[in-house]
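> Top to bottom, those sequences are chains D and V. Residue numbers for the first sequence, in my numbering: 1121 to 1273. Residue numbers for the second sequence, in my numbering: 4 to 86.
Hints are not guaranteed to be accurate.
[Said to hold, decoys possible] In silico contact screen, one side only, chain V against chain D (beta carbon under 7 Å); selected entries: (1) Ser-44; (2) Ala-45; (3) Val-48; (4) Val-50.
[As the list claims (entries may be wrong)] Now the in silico label distances, taken between C-beta atoms and shown as ranges: (5) D/Lys-1247 / V/Asp-59: 24 to 34 Å; (6) V/Asn-85 / D/Ala-1134: 51 to 61 Å; (7) D/Glu-1164 / V/Asp-33: 47 to 57 Å; (8) D/Lys-1147 / V/Gln-29: 53 to 63 Å; (9) V/Ser-44 / D/Lys-1247: 46 to 56 Å; (10) V/Lys-38 / D/Lys-1200: 26 to 36 Å; (11) D/Arg-1240 / V/Asp-35: 16 to 26 Å; (12) D/Pro-1226 / V/Glu-61: 21 to 31 Å; (13) V/Asn-85 / D/Gln-1129: 40 to 50 Å; (14) D/Gln-1155 / V/Asn-64: 37 to 47 Å.
Hints were generated in silico from the structure; no laboratory data involved. Keep in mind the model is a prediction, meaning the values are calculated, not measured. Even for Gly, the Cβ is constructed at its ideal location relative to N, Cα and C.
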Amino acid sequence: MKHSEIIAQLPYKAPFLFVDSLEQVHKDGVVGTYQFKEDSYFYEGHFKNNPITPGVLLTECMAQIGVVSLGLFLIQKEAKGNIDITLKPRIAMSNTTIDFYASVSPGESVTVKSEKIYYRFGKLRCKVSMMSSQQELIAKGTIDGMIVKQIIQ
Amino acid sequence: MTNKEIFEQLLPIVKTYLPDDVDATQINLDSDLTKELNINSAHLVDVVLDVEDAFDVEFTNEDMEQLRTINDTIAIIQKKQNT
């Protein structure tokens, strides 16, 4: 599956899509990038006169690239040869443990790297890190997602 | 292993994933892991992965689908250890 197809299958759109590109996608992990747009609405309020990207959105970006994009790839891989594509997968975040090391200013680009720890019984646990364009560590931790298959009506 | 021995080893694993609003004294053989003990589907996977390590067995997707209660878990472990 092409990287652009994975992004197209993500269940998000602006202003809540936090994936620009996927650089590597394979069974054991994924690397992707996102640039936090300078004119994003949340900078008006986070914080007053001091725009910094909210940690929850850094976590969201790490989850969209590191768990959901990888999860979609793994589901497709599993389904290979299986003609039944009426199952539309949903991925629900079930746990996050993230430590933050540096803040992200408006307009900054980040790279998210995710390594699969395990994928069993529909649960995908990943070790995920976020780096700045200067290779500075912004955040790292583990994120779990549960894959819920839904039948398209 | 006897069912009792398995239960004793299984109990601390289940307790680890029990939400705060469920008391550990409520755990009995017929307890439904998700419906009664309120363990969510993500933690149910954790229980199974810990069981696999503790009892040196491997669960299949079919085992996972059949697993509802503490008794089911013991039966699956028992079956795996005897084959």
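> Does each hint fit the structure? Answer for all of them.
Okay, the hints, checked on the actual structure:
Interface restraint check for V/Ser-44: the shortest CB-CB distance to chain D comes to about 6 Å, inside 7 Å, so the restraint holds. Look at V/Ala-45: its Cβ gets to within about 4 Å of chain D, closer than 7 Å, so that hint holds up. Given hint, V/Val-48 at the interface with chain D, holds; its Cβ is 4 Å from that chain's nearest Cβ, closer than 7 Å. A cut of 7 Å between beta carbons decides the hint on V/Val-50: the least distance to chain D is about 10 Å, and the hint is violated.
D/Lys-1247 and V/Asp-59 have their C-beta atoms about 25 Å apart, which keeps the hinted 24 to 34 Å range intact. Between V/Asn-85 and D/Ala-1134 the beta carbons are some 56 Å apart, a value that agrees with the proposed interval 51 to 61 Å. Checked against the given bound of 47 to 57 Å, the beta carbons of D/Glu-1164 and V/Asp-33, roughly 55 Å apart, stay inside it. Between D/Lys-1147 and V/Gln-29 the C-beta distance comes to about 40 Å, which lies outside the given range of 53 to 63 Å.
Separated by about 21 Å at the C-beta atoms, V/Ser-44 and D/Lys-1247 break the suggested range of 46 to 56 Å. Against the hinted window of 26 to 36 Å, the Cβ-Cβ separation of V/Lys-38 and D/Lys-1200 comes to about 34 Å, which satisfies the hint. Hint check: D/Arg-1240 to V/Asp-35, Cβ distance near 22 Å, so the stated range 16 to 26 Å holds. Under the hint 21 to 31 Å, the C-beta atoms of D/Pro-1226 and V/Glu-61, about 49 Å apart, miss the expected range.
At about 44 Å, the CB distance of V/Asn-85 to D/Gln-1129 agrees with the hint of 40 to 50 Å. Range check, D/Gln-1155 to V/Asn-64: about 40 Å between beta-carbon atoms, so the 37 to 47 Å window is met.
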